[in-house]
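Chain residues, written in single-letter form:
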Amino acid sequence: MKLLVISQSRNRAGRTIQVRKEIATDWVRVGRNAASEILLADPRIALSQGLIVDRNGPVYTEGEMGTTTSTTRKAVRSVRLSPGTSIELGPYRLTAIDTPPGFTGAITVELVRPPENVAPEFLSRAKRLTLASLGIPKRATALALFALVAVFFFLLPAGRVLDLPWRAPEGVAMASDRFWNPGPVMLAHQPVEQKCEACHEVAFRQVRDAACLECHQRIGHHVAQDLSPATLFAGMRCAQCHRDHKGVKSTHRDDDGLCVDCHRDVRSRANGAQSQNVTDFAKDHPAFRLTLPAGKGVRRVRQGSGPIAEASNLVFPHAVHLDPAGVRHPEKDKVKLGCEACHQPDASKRGFEPVSMARHCQDCHRLEFEPAVSSRQVPHGRPAEAMTVVREFYANLALNGVRDSFEKAFGVPGEGLLRRPGEPTAAQRQGALGLAAKKAAHVSEEIFEIRLCRTCHEVQRVEGDKGLDWNVAEVRANNAWMPSARFDHKSHAQAKCADCHDVAKSKRSADVAMPRIEGCRECHGGSLPVEKKLTSSCLLCHGFHEQRHPWDPRFRPRAAARAATGNAGAN
Amino acid sequence: MRHQSILEYAHFRWLKAALGLSILAGAAYLWHDPPMKPYGGTWLGYALGTAGALIILWLLWFGVRKRSYLSRAGTVQGWLSAHVYLGTALLVVATLHTGFELGWNLHTLAYVLMVATVASGFYGVYIYLSVPGLMTANRGEETLDAMLLKIADLDREIREQALSLPDRILVVVNASLDGTRLGGSLARVVTGRDRGCPTAAALRALPEIGKTLSGEAANLHHEVYTLLLRKSELLARARRDLRFKARLDLWLYAHVPLSIALLAALAAHVVSVFLYW
Numbered sequence: 001m002k003l004l005v006i007s008q009s010r011n012r013a014g015r016t017i018q019v020r021k022e023i024a025t026d027w028v029r030v031g032r033n034a035a036s037e038i039l040l041a042d043p044r045i046a047l048s049q050g051l052i053v054d055r056n057g058p059v060y061t062e063g064e065m066g067t068t069t070s071t072t073r074k075a076v077r078s079v080r081l082s083p084g085t086s087i088e089l090g091p092y093r094l095t096a097i098d099t100p101p102g103f104t105g106a107i108t109v110e111l112v113r114p115p116e117n118v119a120p121e122f123l124s125r126a127k128r129l130t131l132a133s134l135g136i137p138k139r140a141t142a143l144a145l146f147a148l149v150a151v152f153f154f155l156l157p158a159g160r161v162l163d164l165p166w167r168a169p170e171g172v173a174m175a176s177d178r179f180w181n182p183g184p185v186m187l188a189h190q191p192v193e194q195k196c197e198a199c200h201e202v203a204f205r206q207v208r209d210a211a212c213l214e215c216h217q218r219i220g221h222h223v224a225q226d227l228s229p230a231t232l233f234a235g236m237r238c239a240q241c242h243r244d245h246k247g248v249k250s251t252h253r254d255d256d257g258l259c260v261d262c263h264r265d266v267r268s269r270a271n272g273a274q275s276q277n278v279t280d281f282a283k284d285h286p287a288f289r290l291t292l293p294a295g296k297g298v299r300r301v302r303q304g305s306g307p308i309a310e311a312s313n314l315v316f317p318h319a320v321h322l323d324p325a326g327v328r329h330p331e332k333d334k335v336k337l338g339c340e341a342c343h344q345p346d347a348s349k350r351g352f353e354p355v356s357m358a359r360h361c362q363d364c365h366r367l368e369f370e371p372a373v374s375s376r377q378v379p380h381g382r383p384a385e386a387m388t389v390v391r392e393f394y395a396n397l398a399l400n401g402v403r404d405s406f407e408k409a410f411g412v413p414g415e416g417l418l419r420r421p422g423e424p425t426a427a428q429r430q431g432a433l434g435l436a437a438k439k440a441a442h443v444s445e446e447i448f449e450i451r452l453c454r455t456c457h458e459v460q461r462v463e464g465d466k467g468l469d470w471n472v473a474e475v476r477a478n479n480a481w482m483p484s485a486r487f488d489h490k491s492h493a494q495a496k497c498a499d500c501h502d503v504a505k506s507k508r509s510a511d512v513a514m515p516r517i518e519g520c521r522e523c524h525g526g527s528l529p530v531e532k533k534l535t536s537s538c539l540l541c542h543g544f545h546e547q548r549h550p551w552d553p554r555f556r557p558r559a560a561a562r563a564a565t566g567n568a569g570a571n
Numbered sequence: 001m002r003h004q005s006i007l008e009y010a011h012f013r014w015l016k017a018a019l020g021l022s023i024l025a026g027a028a029y030l031w032h033d034p035p036m037k038p039y040g041g042t043w044l045g046y047a048l049g050t051a052g053a054l055i056i057l058w059l060l061w062f063g064v065r066k067r068s069y070l071s072r073a074g075t076v077q078g079w080l081s082a083h084v085y086l087g088t089a090l091l092v093v094a095t096l097h098t099g100f101e102l103g104w105n106l107h108t109l110a111y112v113l114m115v116a117t118v119a120s121g122f123y124g125v126y127i128y129l130s131v132p133g134l135m136t137a138n139r140g141e142e143t144l145d146a147m148l149l150k151i152a153d154l155d156r157e158i159r160e161q162a163l164s165l166p167d168r169i170l171v172v173v174n175a176s177l178d179g180t181r182l183g184g185s186l187a188r189v190v191t192g193r194d195r196g197c198p199t200a201a202a203l204r205a206l207p208e209i210g211k212t213l214s215g216e217a218a219n220l221h222h223e224v225y226t227l228l229l230r231k232s233e234l235l236a237r238a239r240r241d242l243r244f245k246a247r248l249d250l251w252l253y254a255h256v257p258l259s260i261a262l263l264a265a266l267a268a269h270v271v272s273v274f275l276y277w
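Protein chains in written order, with our numbering: chain C, 1 to 571; chain B, 1 to 277.
Don't read these hints as lab results, they were simulated from the structure. Being a predicted model, the structure only gives us computed values, none of them experimental. A couple of the hints might just be wrong.
List time: in silico BS3-like cross-link candidates among lysine-lysine, alpha-carbon distance up to 25 Å [unchecked claim]: (1) K490/C x K532/C; (2) K533/C x K496/C; (3) K16/B x K66/B; (4) K66/B x K138/C; (5) K490/C x K334/C; (6) K127/C x K283/C; (7) K336/C x K507/C; (8) K66/B x K249/C; (9) K296/C x K334/C; (10) K127/C x K37/B; (11) K66/B x K245/B; (12) K127/C x K195/C; (13) K138/C x K245/B; (14) K195/C x K66/B; (15) K127/C x K349/C.
Here are some of the chain C residues that sit facing chain B, going by a computed Cβ distance under 10 Å [to be verified]: (16) W27; (17) A34; (18) L131; (19) A203; (20) C364; (21) H365; (22) L367.
All C-beta atoms, glycine included, are put in the ideal place defined by N, C-alpha and C.
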């Protein structure tokens with residue numbers, strides 16, 4: 001097919017311009033598609049609007065294309081383009097004209113309704129079609145939100161905190177820095193929670209130890225600061241272990257991580273450490289060390305490293321006193337004693353009051369030195385006074401004693417010198433005095449070396465210039481065997497004493513009945529939870545901030561020192 | 001060539017990068033042994049926080065990059081792919097940075113703004129992946145401008161045809177010609193409907209009126225009715241197109257302001273935590 005296509009348009013001056021084009025193909029495509037032979041470049045035209053084919057003359061057809069968006073006035077399927085026929089394709093008009101020789105057909109194409117000529121009414125009512133054209137503000141919203149956050153959450157509080165020019169007056173709630181608080185502080189710190197500068201003293205500076213020590217003045221160091229391992233902690237701040245704003249309960253971890261960091265190989269950190277390595281109470285904890293009086297201080301002995309004997313200078317067999325059949329009493333028949341007869345909880349109920357002669361022993365162990373004559377007792381704890389009492393007692397008896405007492409005491413017939421008729425002679429006086437002095441010396445020797453004192457005390461006979469004397473060894477009964485352990489007897493009150501302290505068969509005061517770690521492990525597990533065990537971290541029994549740490553060679557457990565001083569049985 | 005979505009850009013390069021970053025952050029978090037409990041102030045917390053802040057700044061920079069038509073720093077497609085995946089990884093990094101410590105404070109505000117921005121971004125990705133296809137299908141081979149021109153053309157034809165119809169009909173038809181509008185209000189643009197559309201009203205009214213006509217008038221009436229139907233069909237498509245465009249735009253009205261608010265909250269967060277170090 002050979003088709004002549006004349007495109008008609010008008011220039012600005014209104015003159016018709018014709019462009020002729022000869023097309024020779026089997027069919028002619030009509031549409032907006034650039035591949036169309038007849039290109040109708042108007043958006044109202046479909047890409048492939050129709051075809052012109054040769055069926056004994058040109059025929060325009062478009063139904064076969066299946067175009068649903070046809071803009072022809074009528075839904076034409078095909079129109080024969082015989083000369084004079086005119087069809088409208090959207091804004092275009094196609095008119096068949098007389099066929100020149102040599103052509104199958106000829107048509108003119110004219111844009112009769114260019115877009116700019118379209119009635120403007122509808123388009124004027126279809127202007128604001130997008131959110132942006134509706135004037136919905138995106139940028140302004142963003143800037144407003146930015147300003148809102150910046151002002152209320154930063155500029156206002158910062159103005160108050162940094163004393164900036166726009167500082168709001170005190171008490172303006174909106175200017176509060178409480179929104180900067182990242183989380184609740186621990187309970188003990190809550191009184192100062194609203195006062196950030198109490199700890200955060202200087203802006204943009206980390207919290208200093210001085211702020212902590214303002215309140216925690218007496219906090220102890222883990223290792224004394226003048227000891228070289230203290231350099232382990234040099235440059236460290238309290239806040240490195242203590243992180244506040246992490247909940248109301250605590251500022252530090254309760255697990256063993258921080259302790260074990262050093263104590264898994266403690267000597268690599270501190271050369272002189274006396275403690276052994278430890279990683280977990282259940283699996284890897286050394287035997288306990290007991291603190292005992294030694295010399296002028298204390299010594300620490302690890303259980304299992306050999307026999308441990310207490311040198312209390314007392315004679316005290318637990319077995320005798322705890323005899324199930326009871327013990328003899330001066331007045332009653334027999335008395336059954338339990339642990340509580342002597343070991344009474346102190347005010348804290350954690351530990352025990354030291355055992356005292358006056359309160360716990362003397363009810364039975366009376367210090368009567370002449371029971372046949374008198375219930376008089378020598379004073380306890382003061383040997384010189386005791387000897388004086390004895391001397392005065394017998395001197396008085398020698399002077400004033402009635403016959404019965406005189407004879408029972410001195411074992412000779414007679415009565416007190418002053419009770420005899422007449423003025424005593426010098427010889428009689430000498431005799432009475434000598435009798436009394438001899439008896440007193442004898443009784444003194446007896447009570448120190450055989451009867452009263454000797455029952456419980458180590459006594460040494462001293463024969464000096466001034467005559468015979470006795471030295472009663474200082475009692476050093478231990479009252480705090482593990483002074484740096486946080487052990488609370490009250491928390492263990494459900495257990496019998498004997499569960500941990502086996503003294504029923506102990507016949508010597510040197511026996512030590514402190515429990516071993518294996519006993520504790522029956523109930524206490526390690527740092528990881530185990531069935532039927534109490535999960536036990538280091539801090540359950542140990543304190544980090546003890547005033548003096550057991551590592552410190554100058555460490556003196558306070559409680560032990562208390563029990564280890566004083567004259568014999570002064571308590 | 002098959003269409004490649006931003007999600008599969010460069011063989012999922014940024015998905016891999018984001019996964020790597022998330023796994024790295026997660027592993028570090030699990031391995032880390034903080035002095036109290038995990039939070040933003042440990043060394044890992046500072047590391048995650050720095051990474052998160054840098055990612056946020058970079059994500060915000062996308063707004064600049066997508067407007068820099070002359071930039072040679074990668075393609076915008078690549079940037080958007082990275083924007084989506086790194087924004088997702090930011091959720092992991094920032095959440096681990098918090099150590100799951102949240103409260104009524106500025107710091108959590110920054111976190112919430114971050115999550116809200118990312119969530120709106122997820123919705124945007126969904127919109128960007130689903131709407132353009134629908135939009136293309138709705139438009140067919142036409143543009144919105146073409147539809148508008150066609151409607152205007154139809155208006156002209158209807159006006160010509162309807163002139164000789166009885167007044168009763170002319171009134172209804174003229175209402176369509178003079179009153180039909182497109183867009184103009186947020187509700188109409190977003191819903192793609194116009195409840196009081198005069199064209200729809202005319203279509204409802206014409207058949208009843210037309211029953212009384214006969215002869216040439218009936219033919220004309222039928223002609224006008226057909227044209228109005230085509231106009232209505234075009235209007236419906238144009239309105240759907242507006243709705244799709246609005247859906248493409250609308251989420252950004254949340255995403256962008258939230259991200260700018262996040263910038264303020266982030267800056268306030270960083271300065272305040274170091275002010276009260």
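Hint-by-hint comparison with the structure:
no.: 1; hint: K490/C x K532/C; in the structure: holds (21 Å)
no.: 2; hint: K533/C x K496/C; in the structure: holds (19 Å)
no.: 3; hint: K16/B x K66/B; in the structure: holds (23 Å)
no.: 4; hint: K66/B x K138/C; in the structure: holds (17 Å)
no.: 5; hint: K490/C x K334/C; in the structure: violated (31 Å)
no.: 6; hint: K127/C x K283/C; in the structure: violated (81 Å)
no.: 7; hint: K336/C x K507/C; in the structure: holds (17 Å)
no.: 8; hint: K66/B x K249/C; in the structure: violated (50 Å)
no.: 9; hint: K296/C x K334/C; in the structure: violated (40 Å)
no.: 10; hint: K127/C x K37/B; in the structure: violated (59 Å)
no.: 11; hint: K66/B x K245/B; in the structure: holds (19 Å)
no.: 12; hint: K127/C x K195/C; in the structure: violated (59 Å)
no.: 13; hint: K138/C x K245/B; in the structure: holds (16 Å)
no.: 14; hint: K195/C x K66/B; in the structure: violated (46 Å)
no.: 15; hint: K127/C x K349/C; in the structure: violated (89 Å)
no.: 16; hint: W27; in the structure: violated (20 Å)
no.: 17; hint: A34; in the structure: violated (13 Å)
no.: 18; hint: L131; in the structure: holds (5 Å)
no.: 19; hint: A203; in the structure: holds (5 Å)
no.: 20; hint: C364; in the structure: violated (57 Å)
no.: 21; hint: H365; in the structure: violated (57 Å)
no.: 22; hint: L367; in the structure: violated (61 Å)
Taken one by one, the earlier hints fail for this structure at numbers 5, 6, 8, 9, 10, 12, 14, 15, 16, 17, 20, 21 and 22, listed in ascending order.
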